[in-house]
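Peer 1: What follows is each chain in one-letter form.
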Amino acid sequence: MSGEARRTTVKTRTDPQEQEQEQEQEQEQVTGTGTAPAAEVIGALGIQPAAVEVHDVHKWYGAHHVLDGVELTVRPGEVTVVLGPSGSGKSTLLRVINHLEKPEIGHVSLNGELIGVRRHGERLKELGERVILGQRSRIGFVFQNFNLFPHLTVLDNVAAAPVATGKLSRPEARQLARDLLARVGLADKSSAYPRQLSGGQQQRVAIARALALRPGVILFDEPTSALDPELVGEVLAVIKDLARSGTTLVIVTHEIGFAREIADRVVFMDGGRIVEQGPPAQVLDHPQQERTRDFLSKVL
Amino acid sequence: MSQSPGAAVSSGSAPPAEAIPRPDVPAAPKPLAAQRVLPLRRPGRWIITAVVLVLVAQIAHGLVTNPFYQWDRFQYWFLRPTILDGLLITLEVAFYSAVLGLLGGILLALARLSPSPVLRAVSWVYTWLFRSVPLIVVLLFLYNFSALYRTLSVGVPFGPAFFTFDESRIATDMAIAVIGLSLNEAAYASEVVRGGILSVDQGQHEAASALGLPKRYQFAKIVFPQALRSITPNYVNQLIGLIKGTSLVFYVSLLDLFGSVQSMGSTYPGDIVPLLLVATAWYLILTSVVSVIQFYVERYYSRGALRTLPPTPLQKVRNGLREVRARVRRETAI
Ligand SMILES: Nc1ncnc2c1ncn2[C@@H]1O[C@H](COP(=O)(O)OP(=O)(O)O)[C@@H](O)[C@H]1O
Ligand SMILES: [Mg+2]
Numbered sequence: 006m007s008g009e010a011r012r013t014t015v016k017t018r019t020d021p022q023e024q025e026q027e028q029e030q031e032q033e034q035v036t037g038t039g040t041a042p043a044a045e046v047i048g049a050l051g052i053q054p055a056a057v058e059v060h061d062v063h064k065w066y067g068a069h070h071v072l073d074g075v076e077l078t079v080r081p082g083e084v085t086v087v088l089g090p091s092g093s094g095k096s097t098l099l100r101v102i103n104h105l106e107k108p109e110i111g112h113v114s115l116n117g118e119l120i121g122v123r124r125h126g127e128r129l130k131e132l133g134e135r136v137i138l139g140q141r142s143r144i145g146f147v148f149q150n151f152n153l154f155p156h157l158t159v160l161d162n163v164a165a166a167p168v169a170t171g172k173l174s175r176p177e178a179r180q181l182a183r184d185l186l187a188r189v190g191l192a193d194k195s196s197a198y199p200r201q202l203s204g205g206q207q208q209r210v211a212i213a214r215a216l217a218l219r220p221g222v223i224l225f226d227e228p229t230s231a232l233d234p235e236l237v238g239e240v241l242a243v244i245k246d247l248a249r250s251g252t253t254l255v256i257v258t259h260e261i262g263f264a265r266e267i268a269d270r271v272v273f274m275d276g277g278r279i280v281e282q283g284p285p286a287q288v289l290d291h292p293q294q295e296r297t298r299d300f301l302s303k304v305l
Numbered sequence: 383m384s385q386s387p388g389a390a391v392s393s394g395s396a397p398p399a400e401a402i403p404r405p406d407v408p409a410a411p412k413p414l415a416a417q418r419v420l421p422l423r424r425p426g427r428w429i430i431t432a433v434v435l436v437l438v439a440q441i442a443h444g445l446v447t448n449p450f451y452q453w454d455r456f457q458y459w460f461l462r463p464t465i466l467d468g469l470l471i472t473l474e475v476a477f478y479s480a481v482l483g484l485l486g487g488i489l490l491a492l493a494r495l496s497p498s499p500v501l502r503a504v505s506w507v508y509t510w511l512f513r514s515v516p517l518i519v520v521l522l523f524l525y526n527f528s529a530l531y532r533t534l535s536v537g538v539p540f541g542p543a544f545f546t547f548d549e550s551r552i553a554t555d556m557a558i559a560v561i562g563l564s565l566n567e568a569a570y571a572s573e574v575v576r577g578g579i580l581s582v583d584q585g586q587h588e589a590a591s592a593l594g595l596p597k598r599y600q601f602a603k604i605v606f607p608q609a610l611r612s613i614t615p616n617y618v619n620q621l622i623g624l625i626k627g628t629s630l631v632f633y634v635s636l637l638d639l640f641g642s643v644q645s646m647g648s649t650y651p652g653d654i655v656p657l658l659l660v661a662t663a664w665y666l667i668l669t670s671v672v673s674v675i676q677f678y679v680e681r682y683y684s685r686g687a688l689r690t691l692p693p694t695p696l697q698k699v700r701n702g703l704r705e706v707r708a709r710v711r712r713e714t715a716i
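Chain order of the listed sequences is A and B. For our numbering, add 5 to where a residue sits in the first sequence, where the first one is 1. For our numbering, add 382 to where a residue sits in the second sequence, where the first one is 1.
No wet-lab data here; the hints were simulated from the structure. Please note that a few of the clues may not be correct.
[To be verified] Derived pair list, reagent style DSS-like, types lysine-lysine, alpha-carbon separation capped at 25 Å:
1) A:K130 - B:K597
2) A:K107 - A:K130
3) B:K626 - A:K107
4) A:K194 - B:K603
5) B:K698 - A:K172
6) B:K603 - A:K172
[Unchecked claim] Footprint (simulated), chain B over chain A, 3 or more residues, beta carbon under 8 Å:
7) 75–83
8) 117–131
The beta carbon of each residue, even a glycine, is placed where N, CA and C say it ideally should be.
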């Protein structure tokens, strides 16, 4: 993993040739770690990358101002990595984006559509539960603790949501689930139960589960923090693969090398605010803010 | 590695001495790894086992030979139609009350966990009330109530199946018994179900809503099946209490198992002990059946929760035999 992390690639999505070369490199690397996802096939999933906009979001827990005017724009297909010390509000930000938490002020939109609220004259009004659930199915979420459904097989974990939300028939969903599991290198595990898998395998199932709804954006909340060091690589390989395929990703992580490699933009948060953001080369190598420098010196 | 034994010999080089067993050479001490480990003997355990066995045998002997129990009369009564009729009523009352009680308990638990303060309060008051009032009071209350209002049926929120009122008194008594037991059972079941739902990890709720699963699906397919794992043993406990609780329906003039025994006992006062033994035997059988069902239900709902499922009794027997055979083979090999 350390070798991978040190490798820095300057990414320019506008140059298809270079991207292809990268993919080839990537595939070699992926075979090395024992997984076999192929970027172009995930691209063939029919995922339409979406834009995410977070506008002046404030969130309080009691008197604690957890998000303090967060402003963030993610363009379609962009990979945003969120860094920051523990307690800085990174998880809360992700949870506000898919409306697991309601912001007291501000709003979030997906491709221009407001999430969880609608305009009511000058004000915003909360939407009904059912509509919000529909919107959430277009936003993938990958948890630190996987949160797979332990009583369902791996295949059913992946196939459940498209069926339950009425997007696919049962056989279609199972076929899709098998494809996705093959993509994350777990074709042979489809009838296992989650607790019979390693952490890295569980997290790859969780990613497949999120992909099954063909979300416009996928949010990752420290996807590798609960994993043993030797299992981190296999999960990062799958995420890299998604990044290459042009899916919109927002990733909270402490893997700086990984951020440098795949991020289009790095966002540094502290105390509920975005302190600094920009391309990885700028934020990671030439941070402008004292707090960013301080944080990076501790984690690097 | 893939050489045949013949090739190994023809290669001429002397193999290490211990690799080839030669009977003419006196046996060298075996390397430590090959020596058999003798299991620790535990004489204390054997003594206790023997004492317990003797006690059990004594009790069994007393049960069989003591004339007080009148086993011939027991045999006479055990499958008498009156007793079986009573057993049937016990089963019916217990079954309907268990199902209705569980359904009511689920609704009460959902109300108690809902965001609506009114629903929470109603659920809390209901549980408080019916856990406080003795079952016999509830039954007698309903009994007298139904004598006053013969058309009580309309307002009661349980299925229409029991509302063949007025047609025969036994249907009414049955309905009263089932309603009374269900009301009582629901109060306890609601706490059992609530405990089960609370035992499901918060992350499961989050993952389900993050996937946008419909609310009903979240409960029915994600949360409740996981809750059942801890609901099952508690509810079975409840159920066994309920089966025995049915003996109270005797007081609302329903002749259940205990009721039949009681009425036969007053007709044949000399047979009261064997009759009580008959009731005991039947209650034991019912509880055993419930326990067996519990084992399989629990096993079913622990799929995925455990890395490997606990073996069924049949598998245990098979594994035991295999273990014995393996040990015999080991012993004979040494
Ligand atoms: N449900 C909650 N109730 C009260 N405080 C919370 C809750 N969730 C998070 N917090 C607080 O909000 C702050 C930000 O939390 P979080 O977004 O999880 O930070 P991060 O993910 O960056 O570590 C922390 O100080 C945390 O203690
Ligand atoms: Mg966090």
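Peer 1: Run the structure past the numbered hints and jot down the numbers of the failing ones, going up.
Peer 2: 3, 5, 7, 8
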